Amino acid sequence: MERHFDQELNTLKNELLRMASLTERSLTEAMKALVQRDDTLARRVDDYDNDLDQLQIEIDDRCIKLFALRQPAASDLRFVAMSMKICTDLERIGDQAVNIAHRAIELNKEPLLKPLVDIPRMAEHARGMIHDALDAFVYAKPELAREVIARDDRIDLLNQQLHRELTSFMVEDPATITRALNLMSVAHNLERIGDHATNIAEEIVYLYEARDICHQHNAA
Amino acid sequence: MATVADPSMTTTVKTHAVRPLPAQPAAAAAQPAPTLPDEEIVLEVCDFNLWYGAAQALFDINITFPKGKVTALIGPSGCGKSTLIRCINRLNDLVDNVRITGDMRLNGESIYHRDVDVIDLRKRTGMVFQKTNPFPMSIYENVIYPLRIDGENRKSVLDETVERSLRRAALWDEVKDRLDESALQMSGGQQQRLCIARAIAVEPEVLLMDEPCSALDPIATGKVEELIYQLRGHYSVIIVTHNMQQAARVSDYTAFFYLGKLIEYDKTDKMFTNPTKKQTEDYVTGRFG
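As they're listed, the protein sequences go chains A and B. Numbering follows our numbering, in which position 86 of the first sequence is assigned residue number 86; successive positions increment by one, without gaps. Numbering follows our numbering, in which position 121 of the second sequence is assigned residue number 121; successive positions increment by one, without gaps.
One chain only, chain A, in its complex shape:
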């Protein structure tokens, strides 16, 4: 029997996917603003964030109404509950992208401290994690979500490596401190984006397998 509830769930899914693609765009543009030293691009990320905030409000409202009016059970229940959590993580990723864009504007005021190698690599990992987590969501592939979770370590390692490198810059020459701190902040935001992508992946495992694997990554 076709339920009109299925159409409502489908609408929710499409809104989440729209939000996810806007989130990816924010991150991509923030990184472009940093790498190409383009303030105009950086400021555009603020506008994208307004769209994301609005979508979060709409999705939350939709989920609350589905809970109240449809009393979802079993897989439907997990879907609506996880939609609320996924949308929170996506909105936070959008905020981190804004932070990166703001750091880019600061960094663009001075010459490059060093060629950007590890930071774009971190961003690429993070973007890939978001993308694959959402693929796992669309195609109901919890195994892909587990793989995404395992990839978070790479970002963490790059972040630590960058931290050491930038610290030595600052020790050698205090004139680099401002730039080094801004780059550290970018790296830190990318590291947090990886964490949010990991959260989304965990939520997708719960959605499809009804297993809560939060805070126990060796089980993933």
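By construction, these hints were calculated from the structure, which means they are not laboratory data. Since we're looking at a predicted model, the values are computed, not measured. Honestly, I wouldn't trust all of these hints.
Pairs of lysine-lysine, DSSO-like flavour, derived with a Cα cap of 27 Å [as the list claims (entries may be wrong)]:
{"#": "1", "chain 1": "B", "residue 1": "K123", "chain 2": "B", "residue 2": "K223"}
{"#": "2", "chain 1": "A", "residue 1": "K65", "chain 2": "B", "residue 2": "K155"}
{"#": "3", "chain 1": "A", "residue 1": "K65", "chain 2": "B", "residue 2": "K278"}
{"#": "4", "chain 1": "B", "residue 1": "K270", "chain 2": "A", "residue 2": "K13"}
{"#": "5", "chain 1": "A", "residue 1": "K65", "chain 2": "B", "residue 2": "K67"}
{"#": "6", "chain 1": "B", "residue 1": "K67", "chain 2": "B", "residue 2": "K267"}
{"#": "7", "chain 1": "B", "residue 1": "K176", "chain 2": "B", "residue 2": "K123"}
{"#": "8", "chain 1": "A", "residue 1": "K141", "chain 2": "A", "residue 2": "K13"}
{"#": "9", "chain 1": "B", "residue 1": "K155", "chain 2": "B", "residue 2": "K67"}
{"#": "10", "chain 1": "B", "residue 1": "K267", "chain 2": "B", "residue 2": "K278"}
{"#": "11", "chain 1": "B", "residue 1": "K155", "chain 2": "B", "residue 2": "K176"}
{"#": "12", "chain 1": "B", "residue 1": "K223", "chain 2": "B", "residue 2": "K67"}
{"#": "13", "chain 1": "B", "residue 1": "K223", "chain 2": "B", "residue 2": "K267"}
{"#": "14", "chain 1": "B", "residue 1": "K270", "chain 2": "A", "residue 2": "K65"}
{"#": "15", "chain 1": "A", "residue 1": "K85", "chain 2": "A", "residue 2": "K141"}
{"#": "16", "chain 1": "B", "residue 1": "K277", "chain 2": "B", "residue 2": "K223"}
{"#": "17", "chain 1": "A", "residue 1": "K13", "chain 2": "B", "residue 2": "K267"}
{"#": "18", "chain 1": "B", "residue 1": "K176", "chain 2": "B", "residue 2": "K223"}
{"#": "19", "chain 1": "B", "residue 1": "K270", "chain 2": "A", "residue 2": "K85"}
{"#": "20", "chain 1": "A", "residue 1": "K114", "chain 2": "A", "residue 2": "K32"}
{"#": "21", "chain 1": "B", "residue 1": "K155", "chain 2": "B", "residue 2": "K123"}
{"#": "22", "chain 1": "A", "residue 1": "K65", "chain 2": "B", "residue 2": "K223"}
{"#": "23", "chain 1": "A", "residue 1": "K65", "chain 2": "B", "residue 2": "K131"}
{"#": "24", "chain 1": "A", "residue 1": "K13", "chain 2": "B", "residue 2": "K223"}
{"#": "25", "chain 1": "B", "residue 1": "K67", "chain 2": "B", "residue 2": "K277"}
Counterexamples of contact, computed for chain A against chain B with all Cβ distances above 12 Å [claimed, not checked]:
{"#": "26", "residue": "I64"}
{"#": "27", "residue": "R70"}
{"#": "28", "residue": "E110"}
{"#": "29", "residue": "L113"}
{"#": "30", "residue": "I119"}
{"#": "31", "residue": "R146"}
{"#": "32", "residue": "D156"}
{"#": "33", "residue": "A175"}
{"#": "34", "residue": "T178"}
Heads up, the beta-carbon is just placed ideally off N, CA and C, and yes, glycines get one too.
Starting from the structure of chain A, add chain B where the hints point.
Using the frame of chain A, we list chain B on its own:
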């Protein structure tokens, strides 16, 4: 209509007589009808009061029902929701010692004016009851029964009505090859959808449903609820249900009644996420009732 002699009527009176009125102002003034700014109105209830003998069962009810939408009436037993829906097609005329003041207007025309032809009124207001009541005749004849008593005998009209009504009642695919079989052989859920098909065969201006799923199992209930949801747009549905979750699932608007008074009336999503009145909150959260 044999179903009128309904035990719930006596329950209404009795429950009301013994229940106190907690948290209600002693002399509640008639509330103005809640406005539905975006809706076309099919039915208006104006300053409506009803007494069973000395016991008042409805107090100053003012409410408007939107056209093409589903409105649910909820509230604990004895709150007056069934009494109100039975006043819309004047079934309460058949109960002894009932006294009424106020009026209702169906598409602007008075329901209680002394010139109203009650039989005609009941054709304009289809009704579906808790207990399925298919007639002991074929599925086909059940659907067109209201047309037959109006003297309609043209086969093309009857055939067309049967198919349209059964399709809208989400029953056509299940019964199209056995329209000549007795309706009494159908399952309970199918019988209820047949009763809905019969009620909509004459395109009523408002479709009244009094606990239409309470005798059905969960699967049949799901099908009837899905059907009610699909009827919106074509029909204006008023449904009485003691199942709050059902009201949440099927309706656009919800009216909460308590002890014969309309406590709150609003969009269903508002009523179930953020009701204005504490009594509504207590009822929808299961704290009383």
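Output the indices of the hints that this structure fails to meet, ascending. 2, 9, 16, 23, 26, 27
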